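Protein chains in written order, with our numbering: chain H, 1 to 430; chain Y, 431 to 609.
No lab work stands behind these hints: they were computed from the structure.
There's no promise every hint is true.
Said to hold, decoys possible - Covered by chain H, according to a simulated footprint, are these stretches of chain Y (three or more residues, beta-carbon under 8 Å):
| no. | region |
| --- | --- |
| 1 | 462-473 |
| 2 | 485-493 |
| 3 | 511-522 |
| 4 | 525-536 |
| 5 | 539-547 |
| 6 | 571-580 |
Stated by the list, open to error - Reference excerpt, derived from the structure (chain Y facing chain H, CB under 7 Å, subset only):
| no. | residue |
| --- | --- |
| 7 | 436 |
| 8 | 557 |
| 9 | 589 |
Predicted model only: the values in this text are computed from it and were never measured.
Cβ atoms here follow ideal geometry from the backbone N, Cα and C, with glycine treated the same way.
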Amino acid sequence: MQAPAQAALRATGGRLWRGGVLLALGLTLLLVWGVAVLLARGVGIWGLDIPVAWGFAITNYVWWIGIGMGGTFISAALYLARAPWRAALSRYAEAMTVFAVSVSGIFPILHLGRPWFFYWLFPYPNIMSVWPQWRSSLEWDFFAILAYLLVSVLYFYVGLLPDLATLRDAAGSGARARCYGLLALGWRGDAHHWRRFETLSLLLAGLAVPLVFSVHSMVALDFSEGLAPGWHSTVFPPFFVAGALFSGFAMVLALGIPMRRVLSLQAYITPRHLANMAKLMLAVGLVVDYSYAAELFTAFYSMDRYEIALALRRMTGAYAWVYWSTIFCNVLLIQLLWWPRVRASAGALFCISVGVLIGMWLERFMLIVTTLYQDYLPSSWGMFYPTFWDLAFLAGSLGLFFLLYLLLVRCVPVVSLFELRRLRAQRSAP
Amino acid sequence: MSTAALHGLLAEFDSAAQLLAAVRALRAAAGHLVLEAYAPFPVEGLTAALGERTDRVPLAMLLGALGGGLGTFALECYAAVFDYPLNIGGRPPFSWPAFIPPALEMTLLGAAVLGVLAMLAASGLPRLRHPLFAVAAFERASSDRFFLLVRAAARGFDEAAVRALLEELPALAVIAVPA
Chain H
1 MQAPAQAALR ATGGRLWRGG VLLALGLTLL LVWGVAVLLA RGVGIWGLDI PVAWGFAITN
61 YVWWIGIGMG GTFISAALYL ARAPWRAALS RYAEAMTVFA VSVSGIFPIL HLGRPWFFYW
121 LFPYPNIMSV WPQWRSSLEW DFFAILAYLL VSVLYFYVGL LPDLATLRDA AGSGARARCY
181 GLLALGWRGD AHHWRRFETL SLLLAGLAVP LVFSVHSMVA LDFSEGLAPG WHSTVFPPFF
241 VAGALFSGFA MVLALGIPMR RVLSLQAYIT PRHLANMAKL MLAVGLVVDY SYAAELFTAF
301 YSMDRYEIAL ALRRMTGAYA WVYWSTIFCN VLLIQLLWWP RVRASAGALF CISVGVLIGM
361 WLERFMLIVT TLYQDYLPSS WGMFYPTFWD LAFLAGSLGL FFLLYLLLVR CVPVVSLFEL
421 RRLRAQRSAP
Chain Y
431 MSTAALHGLL AEFDSAAQLL AAVRALRAAA GHLVLEAYAP FPVEGLTAAL GERTDRVPLA
491 MLLGALGGGL GTFALECYAA VFDYPLNIGG RPPFSWPAFI PPALEMTLLG AAVLGVLAML
551 AASGLPRLRH PLFAVAAFER ASSDRFFLLV RAAARGFDEA AVRALLEELP ALAVIAVPA
């Protein structure tokens, strides 16, 4: 019980933690610099042009918000399924969601061209007497991100309240106790408060699951509402939801495996947790693989020459290496998870998860760029080449995510203390 | 210490089972007393033993969901049909299926926001100061100790009699909580 609380109250985070924060801070500053350059010079600093007007920014956006979905799903769906082993994973998975969604929201805003007018997406009585265009999936997407960000922050914070009270009481007196005291909102563990807390947790979990599915379906509709080959497809919403959960589970493993080692949490995040996560990742990965097959089948079954041309272009065109790398990471690599020995090895799981994260990023890049770079009219075909700033924003978004995450593991317990307490009391009871 | 300056008498227990038994015993022996129970995790059956109160969180969430969803849908209709009709691909102004996605998201958001607000408001949170926070032993209420508070404000509260009742229980300590 003590290790997670102590990790949060220890005076210094250790050399590894400080090194990680410095690296993440450096990358975050690169992102800040990039944003400043972008505001001064416009989205032309990226490799965007016509016909490929969506490049890294939208890839990053879809990738990050997808990672967030996995965190919510683990926390909420396993809560509803009454899987008690989830207790050790829920806290950091929820934190991962909040940070991934925050990072993802930066990209569509910066991609607007004039990001300072992003609030025009919001329906408010304005001096221009205009309203948003409600029939556009881009407008739906704005509502989806807004709702998802706020709900995941609330879900995370409410679940954290009892543990903030524990930290307040463990911190004694002084500035730290006062800080935790303010954040704990006066939580005392009153039986009636716990009752309401339990009702709210259950209902929020019940809301979060359909929210995950609806939000990533909206992201998918950004594509399938477009009339381009490879995008205009009804398979996109379920396909995107599966992909989102796939990358989210991979990130939960890729974060959890080093974290349990550095913070000595092996007793809380056990090999059984990792193996269960690996099984979930394999299951949802197979759904993704099925979607790849369904996409190809539909292209040829449609007899539509543009759909068929696109399918062939993905496999043999200028970006074929992206397609085959995706297939390698998301289809072949995860088949290793069938072997119990692979699921029992933290090192192997870490490598596979990182592979899946890379594969899912490449998949989104492939979906976006291969559709755009050659459309119906050969005279307007063109290539997409990333610039320094494309890479800087990708690295910077990783830096910002890890900076937030590393700061969090120093401030709050990464394992839900009160849920572990309850688990222990239930197990020791006769 | 006089009863007027007393918030209540606090009994400290080592386990959830002891707290639950103590609540049941006190309710049977002296039903007129106002009891509050504190635990470091949700204890099953504790609110039932204390006397169930109406939980209004689900109702608040239902209202939030309806308000968020219907409100957004009404706003979309007002904007797209009456105030600023736009011809988008020849679709009618009242193309309601396209209005569902934002309404759905705001349904979920409205339910979540009102649920959290209702949970806090019904519990009297946020609260900066509370008499129990002045009790040193109560710091362990958030880690490994269980507490039963008998409120002094109730009618028929007699400090000596209640203290005698509490000391009959397997309590680790009985503490007077100043108001």
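Results of checking the hints against the structure:
1. Only residues whose beta carbon comes within less than 8 Å of a beta carbon in chain H count, and the region 462-473 of chain Y has 8; three or more means the coverage holds.
2. Remark: the region 485-493 of chain Y is confirmed as covered by chain H, as 4 of its residues place a Cβ nearer than 8 Å to a Cβ of that chain, reaching the required three.
3. With 6 residues having a beta carbon nearer than 8 Å to a beta carbon of chain H, the region 511-522 of chain Y meets the requirement of three or more and the stated coverage holds.
4. Using a Cβ-Cβ cut-off of 8 Å, 8 residues of the region 525-536 of chain Y lie near chain H, which meets the minimum of three, so the contact claim holds.
5. Evaluation of the coverage hint for the region 539-547 of chain Y: fulfilled, as 6 residues show C-beta separations to chain H shorter than 8 Å, against a requirement of three.
6. Here's how the region 571-580 of chain Y fares: 4 of its residues keep a CB closer than 8 Å to some CB of chain H, so the rule of at least three is met and the hint holds.
7. At about 18 Å, the closest approach between the beta carbon of residue 436 (chain Y) and any beta carbon in chain H exceeds 7 Å, and the interface hint on this residue is violated.
8. For the restraint placing residue 557 (chain Y) at the interface with chain H, the shortest Cβ-Cβ distance is roughly 3 Å, inside the 7 Å limit, so the hint holds.
9. At a threshold of 7 Å, the smallest CB-CB gap from residue 589 (chain Y) to chain H is about 22 Å, leaving the interface hint violated.
Hint check: violations occur at hints 7, 9; the rest are consistent with the structure.
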